[in-house]
Amino acid sequence: MLELPKHQEICRQFAGLLAYPDEAQLTTLDSLSATLQPVAAEAAEMLHNFAAFREQQAPSRVEEVYTSCFDLQPSCHPYVGYQLCGESQARILFLMQLKKLYREHGFSDESELPDHLVTMLRFLGSTDDQACRDEIIADGLRPALEKLVAGFDGEEQPYLDLLQALRSFLNLPLAAEGSAAGPEKECDS
0 MLELPKHQEI CRQFAGLLAY PDEAQLTTLD SLSATLQPVA AEAAEMLHNF
50 AAFREQQAPS RVEEVYTSCF DLQPSCHPYV GYQLCGESQA RILFLMQLKK
100 LYREHGFSDE SELPDHLVTM LRFLGSTDDQ ACRDEIIADG LRPALEKLVA
150 GFDGEEQPYL DLLQALRSFL NLPLAAEGSA AGPEKECDS
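Residue 0 is where the sequence shown starts when you use numbering that gives the first Met the number 0, and the numbers rise one by one after that.
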(Lines of atoms letter the chains of each structure in order from A and count residues from 1; the text may use other names and numbers.)
(Lines give C-alpha, C1' and ligand atoms only; values in the text may rest on other atoms or scores of the structure.)
Protein backbone atom coordinates (compact mmCIF):
# COMPACT_ATOMS: atom_id res chain seq x y z
CA MET A 1 0.00 0.00 0.00
CA LEU A 2 1.16 3.47 -0.88
CA GLU A 3 1.21 6.44 1.46
CA LEU A 4 -0.48 9.60 0.20
CA PRO A 5 2.68 11.75 -0.29
CA LYS A 6 4.30 9.03 -2.42
CA HIS A 7 1.07 8.60 -4.44
CA GLN A 8 0.93 12.35 -5.03
CA GLU A 9 4.56 12.43 -6.16
CA ILE A 10 3.98 9.58 -8.62
CA CYS A 11 0.86 11.30 -10.01
CA ARG A 12 2.89 14.47 -10.63
CA GLN A 13 5.62 12.45 -12.34
CA PHE A 14 3.13 10.69 -14.62
CA ALA A 15 1.65 14.12 -15.43
CA GLY A 16 5.10 15.31 -16.47
CA LEU A 17 5.60 12.31 -18.74
CA LEU A 18 2.20 12.69 -20.39
CA ALA A 19 2.72 16.38 -21.15
CA TYR A 20 4.17 17.49 -24.48
CA PRO A 21 7.69 16.01 -24.69
CA ASP A 22 10.72 17.87 -23.37
CA GLU A 23 14.20 16.93 -22.18
CA ALA A 24 13.25 17.09 -18.49
CA GLN A 25 11.16 13.98 -19.03
CA LEU A 26 14.29 11.82 -19.18
CA THR A 27 15.11 12.76 -15.58
CA THR A 28 11.48 12.24 -14.59
CA LEU A 29 11.54 8.78 -16.18
CA ASP A 30 14.57 7.74 -14.15
CA SER A 31 13.05 9.05 -10.94
CA LEU A 32 9.64 7.49 -11.58
CA SER A 33 11.15 4.12 -12.46
CA ALA A 34 13.08 4.08 -9.20
CA THR A 35 10.02 5.16 -7.22
CA LEU A 36 7.67 2.63 -8.84
CA GLN A 37 9.93 -0.44 -8.71
CA PRO A 38 9.44 -1.30 -5.02
CA VAL A 39 5.71 -0.50 -4.91
CA ALA A 40 4.42 -1.32 -8.40
CA ALA A 41 6.84 -3.60 -10.24
CA GLU A 42 4.35 -4.28 -13.06
CA ALA A 43 3.91 -0.56 -13.71
CA ALA A 44 7.69 -0.07 -13.54
CA GLU A 45 8.19 -2.78 -16.18
CA MET A 46 5.67 -1.12 -18.51
CA LEU A 47 7.42 2.18 -17.91
CA HIS A 48 10.72 0.54 -18.88
CA ASN A 49 9.42 -0.03 -22.42
CA PHE A 50 8.47 3.64 -22.73
CA ALA A 51 11.83 4.72 -21.29
CA ALA A 52 13.68 2.66 -23.90
CA PHE A 53 11.73 4.42 -26.66
CA ARG A 54 12.31 7.85 -25.10
CA GLU A 55 16.07 7.32 -24.72
CA GLN A 56 16.59 5.91 -28.23
CA GLN A 57 14.69 8.54 -30.20
CA ALA A 58 15.60 12.06 -31.22
CA PRO A 59 13.45 14.72 -29.54
CA SER A 60 11.77 15.57 -32.86
CA ARG A 61 10.73 11.93 -33.33
CA VAL A 62 9.30 11.77 -29.79
CA GLU A 63 7.30 14.94 -30.49
CA GLU A 64 6.03 13.44 -33.75
CA VAL A 65 4.92 10.23 -32.05
CA TYR A 66 3.26 12.17 -29.22
CA THR A 67 1.33 14.34 -31.67
CA SER A 68 0.26 11.41 -33.84
CA CYS A 69 -0.85 9.52 -30.76
CA PHE A 70 -2.76 12.10 -28.73
CA ASP A 71 -3.64 14.88 -31.17
CA LEU A 72 -4.47 13.07 -34.40
CA GLN A 73 -6.38 10.01 -33.15
CA PRO A 74 -9.78 10.88 -31.65
CA SER A 75 -9.91 7.54 -29.84
CA CYS A 76 -6.73 8.54 -27.98
CA HIS A 77 -7.43 12.17 -27.08
CA PRO A 78 -6.13 12.62 -23.51
CA TYR A 79 -9.28 14.31 -22.24
CA VAL A 80 -11.07 12.31 -19.56
CA GLY A 81 -14.42 14.00 -20.17
CA TYR A 82 -14.15 13.37 -23.91
CA GLN A 83 -13.35 9.71 -23.30
CA LEU A 84 -16.30 9.31 -20.92
CA CYS A 85 -18.92 11.56 -22.56
CA GLY A 86 -17.77 12.40 -26.08
CA GLU A 87 -18.46 15.93 -27.30
CA SER A 88 -21.71 16.42 -25.44
CA GLN A 89 -23.49 18.53 -22.86
CA ALA A 90 -22.38 15.96 -20.28
CA ARG A 91 -18.74 16.80 -21.01
CA ILE A 92 -19.43 20.52 -20.66
CA LEU A 93 -21.01 19.87 -17.27
CA PHE A 94 -18.04 17.68 -16.33
CA LEU A 95 -15.62 20.49 -17.29
CA MET A 96 -17.57 23.02 -15.23
CA GLN A 97 -17.63 20.69 -12.21
CA LEU A 98 -13.88 20.10 -12.47
CA LYS A 99 -13.15 23.85 -12.63
CA LYS A 100 -15.31 24.37 -9.53
CA LEU A 101 -13.61 21.48 -7.74
CA TYR A 102 -10.16 22.80 -8.60
CA ARG A 103 -11.05 26.28 -7.32
CA GLU A 104 -12.43 24.82 -4.06
CA HIS A 105 -9.12 23.03 -3.52
CA GLY A 106 -6.95 26.02 -4.46
CA PHE A 107 -5.67 24.33 -7.61
CA SER A 108 -5.04 26.22 -10.82
CA ASP A 109 -3.71 24.93 -14.13
CA GLU A 110 -4.75 27.03 -17.09
CA SER A 111 -2.38 25.34 -19.54
CA GLU A 112 -5.02 22.78 -20.59
CA LEU A 113 -8.72 22.08 -20.25
CA PRO A 114 -9.68 20.83 -16.78
CA ASP A 115 -10.36 17.29 -18.03
CA HIS A 116 -6.95 16.85 -19.67
CA LEU A 117 -5.25 13.77 -18.24
CA VAL A 118 -2.16 15.82 -17.30
CA THR A 119 -4.23 18.43 -15.45
CA MET A 120 -6.18 15.81 -13.54
CA LEU A 121 -2.97 14.03 -12.52
CA ARG A 122 -1.47 17.33 -11.38
CA PHE A 123 -4.58 17.91 -9.28
CA LEU A 124 -4.23 14.46 -7.71
CA GLY A 125 -0.62 15.37 -7.01
CA SER A 126 -1.71 18.44 -5.09
CA THR A 127 -4.79 17.51 -3.05
CA ASP A 128 -4.98 15.65 0.25
CA ASP A 129 -8.77 15.16 0.02
CA GLN A 130 -8.82 11.37 -0.07
CA ALA A 131 -12.53 10.97 -0.86
CA CYS A 132 -12.17 13.34 -3.79
CA ARG A 133 -9.02 11.60 -5.03
CA ASP A 134 -10.71 8.19 -4.81
CA GLU A 135 -13.75 9.43 -6.75
CA ILE A 136 -11.66 11.02 -9.50
CA ILE A 137 -9.59 7.87 -9.90
CA ALA A 138 -12.50 5.40 -9.76
CA ASP A 139 -15.10 7.33 -11.73
CA GLY A 140 -12.88 9.34 -14.07
CA LEU A 141 -9.33 8.22 -14.63
CA ARG A 142 -9.71 4.43 -14.56
CA PRO A 143 -12.63 4.25 -17.03
CA ALA A 144 -11.05 6.89 -19.29
CA LEU A 145 -7.73 5.01 -19.30
CA GLU A 146 -9.57 1.82 -20.26
CA LYS A 147 -11.00 3.63 -23.30
CA LEU A 148 -7.67 5.26 -24.14
CA VAL A 149 -5.84 1.93 -24.01
CA ALA A 150 -8.57 0.26 -26.09
CA GLY A 151 -8.25 3.10 -28.62
CA PHE A 152 -4.82 1.84 -29.63
CA ASP A 153 -6.51 -1.31 -30.96
CA GLY A 154 -3.41 -3.50 -30.74
CA GLU A 155 -1.20 -0.85 -32.37
CA GLU A 156 2.42 -0.83 -31.23
CA GLN A 157 2.76 2.61 -29.68
CA PRO A 158 5.23 3.66 -26.97
CA TYR A 159 2.67 5.88 -25.28
CA LEU A 160 0.46 2.82 -24.84
CA ASP A 161 3.10 1.44 -22.45
CA LEU A 162 3.06 4.70 -20.50
CA LEU A 163 -0.76 4.69 -20.26
CA GLN A 164 -0.77 1.04 -19.19
CA ALA A 165 1.82 1.81 -16.51
CA LEU A 166 -0.39 4.64 -15.24
CA ARG A 167 -3.46 2.39 -15.28
CA SER A 168 -1.59 -0.29 -13.33
CA PHE A 169 -0.40 2.28 -10.79
CA LEU A 170 -3.88 3.78 -10.32
CA ASN A 171 -5.22 0.32 -9.50
CA LEU A 172 -2.97 0.08 -6.43
CA PRO A 173 -4.63 0.58 -3.06
CA LEU A 174 -3.71 3.68 -1.13
CA ALA A 175 -2.89 3.30 2.57
CA ALA A 176 -5.84 4.38 4.70
CA GLU A 177 -5.01 7.42 6.76
CA GLY A 178 -6.80 8.60 9.83
CA SER A 179 -8.07 12.09 9.12
CA ALA A 180 -7.34 14.59 11.82
CA ALA A 181 -9.87 16.91 10.17
CA GLY A 182 -12.79 14.57 10.80
CA PRO A 183 -14.73 12.24 8.54
CA GLU A 184 -14.07 12.29 4.82
CA LYS A 185 -16.51 14.26 2.73
CA GLU A 186 -17.74 13.26 -0.68
CA CYS A 187 -16.10 14.95 -3.63
CA ASP A 188 -18.21 17.87 -4.84
CA SER A 189 -17.59 17.27 -8.50
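Rather than coming from a laboratory, the hints here were simulated on the basis of the structure. A few of these clues could be false.
Stated by the list, open to error - Label pairs and their computed distance ranges (CB to CB): (1) Asp70 <-> Ala40: 25 to 35 Å; (2) Lys5 <-> Asp108: 14 to 24 Å; (3) Glu86 <-> Pro37: 38 to 48 Å; (4) Glu86 <-> Thr66: 19 to 29 Å; (5) Asp133 <-> Glu111: 33 to 43 Å; (6) Glu44 <-> Ile91: 30 to 40 Å; (7) Ala137 <-> Val38: 13 to 23 Å; (8) Glu86 <-> Glu2: 20 to 30 Å; (9) Leu171 <-> Ser59: 28 to 38 Å; (10) Tyr65 <-> Asp152: 16 to 26 Å.
Remember, it's a predicted structure, so these values are computed and weren't measured experimentally. Virtual Cβ for every residue (Gly too), placed ideally from N, Cα, C.
Worksheet item: For which of the previously enumerated hints does the structure constitute a violation, in increasing order of number?
Response: Per hint list: 5 and 8 violated.
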